[in-house]
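What follows is the residue order along each chain.
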Amino acid sequence: MTSAGKRIVIPPRVTIPIGPQHPALKEPGMFKLTVEGEHIVDAEVNIGYNHRSIEKISENNTHLQNLYLASRICGICSATHNGNYAQAVEFAAEVEIPERAKFIRTLIWELDRIHSHILWLGVAFHEVGFDTAFMLSWRDREIVMDMLENISGNRIHHDMSTIGGVRRNISDAQKEQMLKGFDKLEERVVFYRDVAIHEKTFWNRIDGVGMLEPPIAKKTSAVGPTGRGSGLKVDVRFNDPVQAYIPMIDTGDFEMVLSDRGDVAGRSVVRVLEVIEAINMCRWLLNNMPDGPIRARVRPRIQPNEVLARHEAPRGELIHYLITNGTNKPDRWKVRAPTYNNWTSMAHCLRGDYLADAPIILAAIDPCYSCTDRVVIVDGNGETIRLVSLDNLRIESNKWHKEHPRRE
Amino acid sequence: MARLGKIQPELMKNVRSKQATVRYPFVKAGINVPEGLRARWDYKVPERCTGCKICERVCPAEAIEMIKCRPEDSQTKTGFRPICHLDRCVTCGQCVESCPRGVLILTDSFEMAFLSRDDMVVY
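Those protein sequence lines, which keep their order, are chains A and B. Here the working numbering is used: the first residue of the first sequence is 2, the next is one more, and so on. Here the working numbering is used: the first residue of the second sequence is 448, the next is one more, and so on.
Chain A with its partners taken away, still in its complex shape (with noise of 0.2 Å):
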């Protein structure tokens, strides 16, 4: 036997760039991925290349006009930023909003919540391949949208929350309509359910696929679905519950769902289950709102605060924090997107997989990268555009307030 024969051929390492501008991405994102062979070995991301400077273009807008900017910051979660928002300058203005409004506002999110998942659910089948799936789970999304469009005005931009409550009333031709169509729809839900979890050319293609253990979840502060389907107990509507999910976390039939699997079959099942578990939510809400106004007034005159709100958007924990001054303008708002977060655990997951699975791996934690990118820096003159470490980002902002000292 000749030695050639037993010659071990080790791959070159090999990194490959994927974005920003690609086509199998639909935004701009930029990962590195290092491989050898067919295995990822290193996987780096890069974000920032979407930045609309909306927090900036806050701060010469009044607090209702802010309203919808909030509300365009993602087309898919739009009911969260522009409700968390309104509760926010709520918080700061220290009025209470009527029960019906809390009522109505908590149905909105929830509905967004089933879309934006069976969105992510199509999604997900498509980028292993299982197009059938993908159709029949949007067509089936309409349901909901249909629903959101019959309440709001809208099918995406929903602006239904405003500042001191929400902008338009349920009727009881409304409620009947929308009880009939959750029906529907959790037959279909179910289904889904079932196709995700028995169906072997999916569950083959997710199974074990992207591991995120429970401490490296934690360490990398995973949220929403990505954090509960590595077994974390993250879900503000049951940890710091707000607005109708008071009363509803209180009637003890709802339940965080969890799963201990970690990798993106569980993330899948979390995400599924949710639906399933919102379907309910609104179908205790439709039948438990009170009657009354929907909206308090509110002085568009804030007085000087400074709050946190936070919300379980659907993928994950939203905050907005805000500085009001007493004017009806926002001295700052800072949105911390829930994909931030789950970025760097992302990197984690893509390690030692294979390179198929890493377009189902990035869509797992269900990445909204309009949400997300925050700080880049653009210089008009020099016509240089840089992304900037958070080192150097936080010597630079302790240099602006110093030059800058807030008005008091």
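Treat the hints as calculated values from the structure; they're not laboratory data. Treat the hints with caution; some may be incorrect.
Unchecked claim - Below, computed lysine-lysine pairings styled on DSSO-like, alpha-carbon distance capped at 30 Å: (1) 453(B) - 185(A); (2) 57(A) - 500(B); (3) 460(B) - 185(A); (4) 453(B) - 176(A); (5) 201(A) - 453(B); (6) 176(A) - 524(B); (7) 465(B) - 201(A); (8) 453(B) - 181(A); (9) 181(A) - 460(B); (10) 185(A) - 465(B); (11) 181(A) - 475(B); (12) 181(A) - 465(B); (13) 453(B) - 465(B); (14) 475(B) - 185(A); (15) 201(A) - 460(B); (16) 330(A) - 500(B).
Since the structure is predicted, the reported quantities are computational estimates derived from the model, not experimental observations.
Based on these hints, arrange chain B on the given structure of chain A.
What follows is chain B alone, placed relative to chain A:
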């Protein structure tokens, strides 16, 4: 647990079922336009307008502009009237909500594609 063929019965069912989509630009029947859809802006009741400029002030997209009343318009108290630039309008409906006299509405005509920006100004 996992097996092949979970989706096959559904596929067979869909062979015979009704088409889920509408051939929209050619066929307009079957489009579900709900009551209260927020679409094209309209200056519905010009006689009641006072030209107070509240709609211009609250608009988050700066889509509403106050112009001097033209001779063919109904004259307002302040001599100004709103026009809407549809290319900037985000159809949020805040102007409709803020108008103290119910002058403005958002109609349900949702076809808002034009070849020129000049066509997108609603008088």
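Taking the hints in turn, this is what the structure says about them:
Annotation: proposed proximity of residue 453(B) to residue 185(A) holds, straight-line Cα distance about 19 Å (limit 30 Å). A hinted pair counts as satisfied when its Cα atoms are at most 30 Å apart, and residue 57(A) with residue 500(B) qualifies at roughly 25 Å. Between residue 460(B) and residue 185(A) the CA atoms are separated by roughly 16 Å; this keeps the pair inside 30 Å, and the hint holds. Restraint check for residue 453(B) and residue 176(A): not satisfied, since their Cα atoms lie roughly 34 Å apart, outside the 30 Å limit.
Our distance criterion of 30 Å between C-alpha atoms is met by residue 201(A) and residue 453(B), whose separation comes to about 8 Å. With a CA separation close to 43 Å, the supplied pair residue 176(A) and residue 524(B) exceeds the 30 Å bound. With a CA separation close to 28 Å, the supplied pair residue 465(B) and residue 201(A) stays within the 30 Å bound. Distance restraint check for residue 453(B) and residue 181(A): the Cα-Cα separation of roughly 26 Å lies within the 30 Å cut-off, and the hinted pair is therefore satisfied.
The hinted pair formed by residue 181(A) and residue 460(B) meets the criterion: a straight-line CA distance of about 22 Å does not exceed 30 Å. This hinted pair checks out: residue 185(A) and residue 465(B) have alpha carbons roughly 17 Å apart, not beyond 30 Å. Taking the CA atoms of residue 181(A) and residue 475(B), the gap is near 26 Å; set against the 30 Å cutoff, the hint holds. At roughly 20 Å between alpha-carbon atoms, residue 181(A) and residue 465(B) fall within 30 Å of each other, so this suggested pair holds.
Our distance criterion of 30 Å between C-alpha atoms is met by residue 453(B) and residue 465(B), whose separation comes to about 22 Å. Between residue 475(B) and residue 185(A) the CA atoms are separated by roughly 26 Å; this keeps the pair inside 30 Å, and the hint holds. Taking the CA atoms of residue 201(A) and residue 460(B), the gap is about 20 Å. The hint holds against a cut of 30 Å. Under the criterion of a C-alpha separation no larger than 30 Å, the hint pairing residue 330(A) with residue 500(B) is consistent with the structure, at around 19 Å.
Of the numbered hints listed earlier, those contradicted by the structure are 4 and 6.
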